[in-house]
Amino acid sequence: MAIKTIAGAQVNVSEEGYLEDMNQWNQNIAKEIAGEVGIELTDKHFEVLNFLREKTEAGESLTIRKVGKSGITDIKGLYTLFPKGPLKFSAKIAGIPKPASCV
Amino acid sequence: MSLTEKKPLEKVCIICAKGSLEDVYATLVMANGAVMEGIETNVFFTFFGLDGITKDRMLSLHTATTGNPAMRMPGGIPFPTMLGGLPGVEAGVSKMMRGQMEELDMPPVDEFLEMITAGGGMIYACKLAVDMFKLEQKDLHDEVDSIITIGDFYGLCDGDRTQIIFT
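Going down the list, the sequences are from chains A and B.
Residue numbering for the first sequence follows this note's numbering, beginning at 30 and increasing consecutively.
Residue numbering for the second sequence follows this note's numbering, beginning at 13 and increasing consecutively.
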């Protein structure tokens, strides 16, 4: 565990850069992490991020299929929003732990 | 160049040659997992593996209840081979397995193929096997890009960070 300054805030991150405490997250942190992976966040991105955060708070496991059935976007849309990392990048930007999911 | 320099995988080419439920799903899980990691992915279905992309068969794949020493009853005791040979047992067990996979959010085969192509993965059928089973492109799921030869397939496997996986 390390402490990193993201968007002016001190946050605890894992070795791979995932926030360890999702309560330390805010929209500016999301924007800065997104910038690191080359993504500019839109309202649609935030809808997905909020969905992921809600599911994580509820203790549910995350899969791209679940996001695809959320009504926010389909799986193709999810890949368009978060290219090359529909779950790992979205989770990182959403400030939640790296999903231990294979689907 | 340092010896410890990391060379992340850039492309996987996965071959599915067997048509049991677990063989096809092994291919689909590995392919989808690669796409989700941003790895370029080609999947080549051949021989009995074609069942996994044949419209009439893909949703009723079976797992073998005879000749499968890993088969267990719910609870973990070994599954008697004699029982596995009774009519309907294999279908019932396979249905139960599909149900268990659904609980883990593993989709049915057709939806799984759509997930793979949604992320840019490519699905191919083997020409020799398609000819052998007297199939045509129209018999195959819509997500199958094309019917190609093994030479074409190897042509897709270029690049020094590419791996071929035979499931």
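Honestly, I wouldn't trust all of these hints.
Stated by the list, open to error - With a straight-line Cα cutoff of 30 angstroms, these simulated DSS-like cross-link-like pairs (lysine-lysine) come out:
hint, chain 1, residue 1, chain 2, residue 2
1, B, 67, A, 105
2, A, 98, B, 19
3, B, 18, A, 127
4, B, 67, A, 33
5, B, 19, A, 127
6, A, 95, A, 127
7, A, 113, B, 107
8, A, 95, B, 30
9, A, 105, B, 107
10, B, 30, A, 113
11, B, 18, A, 33
12, A, 117, B, 19
13, A, 117, B, 139
14, A, 60, B, 18
15, A, 95, B, 67
16, A, 127, B, 23
17, A, 95, B, 139
18, A, 60, B, 139
19, A, 127, B, 150
20, B, 146, A, 113
21, B, 67, A, 98
Claimed, not checked - Derived contacts from chain A toward chain B, CB cut-off under 7 angstroms, selection only:
hint, residue
22, 92
23, 94
24, 101
25, 105
26, 108
27, 113
28, 116
29, 126
30, 131
31, 132
Bear in mind the hints are in silico, worked out from the structure with no lab data behind them.
Built from N, CA and C at the ideal position, the CB exists for glycine as well.
Hints violated by the structure (listed by number, smallest first): When the structure is compared with the hints, numbers 2, 4, 7, 13, 17, 18, 19, 20, 24, 29 turn out to be violated.
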